[in-house]
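Asker: What follows is each chain in one-letter form.
There are 4 protein chains.
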Amino acid sequence: MPRNLLRDTQMREKRRRDILDAAASVFARRGLLTKIDDIAVEAGRSHGHVYSYFKSKEELLLAVIKRGQDIYGEQLQMALELEGKASDKFRYIASKVLSQESNADSYMVLLQAIFTDLLDDEEKQKIRQRGKMNRQLLIELIKEGQADGSVRQGDPIQLATLFATLIQNLMLLKIREYEPANETTIDLLIQMIGP
Amino acid sequence: MPRNLLRDTQMREKRRRDILDAAASVFARRGLLTKIDDIAVEAGRSHGHVYSYFKSKEELLLAVIKRGQDIYGEQLQMALELEGKASDKFRYIASKVLSQESNADSYMVLLQAIFTDLLDDEEKQKIRQRGKMNRQLLIELIKEGQADGSVRQGDPIQLATLFATLIQNLMLLKIREYEPANETTIDLLIQMIGP
Amino acid sequence: MPRNLLRDTQMREKRRRDILDAAASVFARRGLLTKIDDIAVEAGRSHGHVYSYFKSKEELLLAVIKRGQDIYGEQLQMALELEGKASDKFRYIASKVLSQESNADSYMVLLQAIFTDLLDDEEKQKIRQRGKMNRQLLIELIKEGQADGSVRQGDPIQLATLFATLIQNLMLLKIREYEPANETTIDLLIQMIGP
Amino acid sequence: MPRNLLRDTQMREKRRRDILDAAASVFARRGLLTKIDDIAVEAGRSHGHVYSYFKSKEELLLAVIKRGQDIYGEQLQMALELEGKASDKFRYIASKVLSQESNADSYMVLLQAIFTDLLDDEEKQKIRQRGKMNRQLLIELIKEGQADGSVRQGDPIQLATLFATLIQNLMLLKIREYEPANETTIDLLIQMIGP
DNA sequence: GATGAATGAGTATTCATTCAT
DNA sequence: AATGAATGAATACTCATTCAT
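Chains as they are written, first to last, in the numbering used here: chain H, 640 to 834; chain Z, 640 to 834; chain F, 640 to 834; chain D, 640 to 834.
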């Protein structure tokens, strides 16, 4: 009996996303030592299930990383398209990014993947390439801010790197209940890159 | 002929340090997936050798982390004792810390240990405690800078966190050959926390 | 409208045979490591399909073996019923058996099943029993040949075993493209058991 | 403390041989479905032990096969160097080969490896190459026999193949307690290739 | 002390089998 | 009936740790 192909495909897509969500959260908490079974349990499924969606743990890890980078890129893009001063867009980015726990998870996974020798160079290259694209968006915004006077002068590349570094690490600190990064922190951050 | 006990002890100390050095470098590169044998090879010894200096892989990891934090603390302490404006001391810290590759290794290990669920809470507490002590030194320096006018106003705790975050991540970027953090970067950093 | 029960049954029989064919060929090529899915793919069906015709992989394997033995037996029977000298019947058997690839497949599966500890003794007994029946046919033929002077003297059991051994292995060699067993080989074989 | 290097090496060699022996016997009985643990148990060791001598199950399998072929080759070589008629040498080979159980084990493993798709073509090529070398020895002997009148006329390649086939399969039959191949069988066999 | 053989708990992955659709 | 999603038992292989030499 033939099944409903459209629905089958949609269901499959959904389950794939469920696994990615579970994986991101567990990879973030247990690093690359995560067991496939941890992920399966988090997703409420058996480990065999995971393997019918991802060929290997490495493939799953790479998918998690890619998705995190893509989402981050979309958030940046959205900010760029707002009206107003560049500094307001930076503020928007900071509060947007800091408000979502999953960003911190993704970032933690990314850090480990990229600063570690555990992946092929080829895979690391792809990840870096996507990272560069995202940073390019920030660089544009820095330039915009330097033009409209809301961002200090200086090498846009370095300023973009410092800004990105700051918000990403604030995420980490926040999620691990170090220092709650609050509105004040964001103010401070904006001032630091301000003129 | 009695053995030279002092010398024996010194030799033992030295070999212990050799292992710690090897371990820090390998843990940094291969994360918590590091094998004892990787470390032994890096130290030019057999894996059995490692076990006559450290009871377990976890104990070795904790020792590596502690040593990294202690060294970082000493570097901060040294800066505090310099003569001059607080901002000059910050500059000194930045260039000192950035100049030593082993700091980046230690920081990477620390990050993984602390943002991961792989250690006991008890051990994580000790690590956080030492982290707090180091940050306290930075907080003092921030306050000193706010008094002498070389650091901007704002919550010293948050400023210290932001500063620490920046230099630690710059280390990582540098060591992984992302963006070479150079003197300009340090200038920028000092300006950012400046008034 | 009542379904055509006869036709349903025939269809079911046909699909069962399709699976057996697929299974024989895959078992022969991949041995007992064959996956149910390999067989399903070879049969152009899903693995679930296989299970609506055979309860388990073992049952399927046993069915494959049994069918191979039965077909071999029929081929021997047919030869026995021919007119002529026993040696002509041997020649007929040899060329008949060697001409069908599926015989080699069946024999390879049989070998593995029987010289291996992977089946129950009970199942192995059944297989051996059928093997004995087939060999009995050959023994009759040997005796017939000894009577009509076309086969050498000697223990008929041993001669039958040697003959069976030879044609079965020639099949294997042929199918794996070792030495093409041709008409000359058959001549030689007949001479060897000849007087 | 340095160890006795010579002795260490010898011990290692011996243990390697022990594993090969165990592996040959288990592979023969359980085919390619053999578990590494079966072998370890047979060798009276843990499965981890096996892995410090062979990198993988496949490597171990290949080593077992190679050793079996090498030993068979040596047995043939020895026969060739005897004094006397070729048919006596054949008789010697037959009784020599049939007297050692391990030959049957090796042959069974070889059969499965070579008639199955489970190994790389490259590995299969190596195995076939060694097989050819061994058969070449038999071919020489056939020719010798045709010259001294103790072997029937006919294509030496085919005669060698038939002879090899016969003794190898007799081994199998014998070891699985089918038909005890006894002196009579060998007589028969010699007569069959005789003039 | 130093080595590396040996063990066995732990983990990624596969695949027979079941069963809802 | 036919499919393929889901499960979990089974198994290859790894690696921390121990310990005899």
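If you are wondering where the hints come from, they were derived from the structure by calculation, not from laboratory data.
Careful: at least some of the hints might be erroneous.
You can't tell identical chains apart in this list, so a pair holds if it fits in one copy or across any two.
[Stated by the list, open to error] Keeping only pairs whose Cα atoms sit at most 30 Å apart, straight-line, the calculated DSBU-like set for lysine-lysine is:
| no. | residue 1 | residue 2 |
| --- | --- | --- |
| 1 | K763 | K724 |
| 2 | K782 | K696 |
| 3 | K696 | K763 |
| 4 | K653 | K724 |
| 5 | K694 | K735 |
| 6 | K782 | K765 |
| 7 | K771 | K813 |
| 8 | K694 | K674 |
| 9 | K782 | K674 |
| 10 | K782 | K653 |
| 11 | K705 | K765 |
| 12 | K694 | K813 |
| 13 | K724 | K674 |
| 14 | K724 | K696 |
| 15 | K724 | K765 |
| 16 | K694 | K724 |
| 17 | K653 | K696 |
| 18 | K782 | K694 |
Asker: Now, for every hint given, state plainly whether the structure supports it.
Answerer: The hints, checked one at a time:
1. K763 with K724: Neither way: K763 and K724 sit 35 Å apart in one copy and 42 Å across, limit 30 Å.
2. K782 with K696: neither (40 Å within a copy, 48 Å between copies)
3. K696 with K763: both (16 Å within a copy, 27 Å between copies)
4. K653 with K724: Result: close neither inside a copy nor across copies, 38 Å intra and 58 Å inter.
5. K694 with K735: Cα proximity of K694 and K735: none, with 33 Å in one copy and 45 Å across.
6. K782 with K765: For K782 and K765, only the intra-copy Cα distance (26 Å) is at most 30 Å; the inter-copy one is 43 Å.
7. K771 with K813: The answer is both: 25 Å in one copy and 15 Å across copies each meet 30 Å.
8. K694 with K674: both (14 Å within a copy, 18 Å between copies)
9. K782 with K674: Answer is neither: 44 Å inside a copy and 46 Å across each miss the 30 Å cutoff.
10. K782 with K653: Classified as neither: same-chain Cα gap 39 Å, cross-chain 52 Å, threshold 30 Å.
11. K705 with K765: within (9 Å within a copy, 34 Å between copies)
12. K694 with K813: So K694 and K813 fail the 30 Å test inside a copy (33 Å) and across (34 Å) alike.
13. K724 with K674: neither (46 Å within a copy, 51 Å between copies)
14. K724 with K696: Answer is neither; intra-copy 43 Å and inter-copy 52 Å both fail.
15. K724 with K765: Cα proximity of K724 and K765: none, with 32 Å in one copy and 44 Å across.
16. K694 with K724: neither (46 Å within a copy, 58 Å between copies)
17. K653 with K696: within (19 Å within a copy, 33 Å between copies)
18. K782 with K694: neither (42 Å within a copy, 54 Å between copies)
Violated hints for the displayed structure, listed by number in ascending order: 1, 2, 4, 5, 9, 10, 12, 13, 14, 15, 16, 18.
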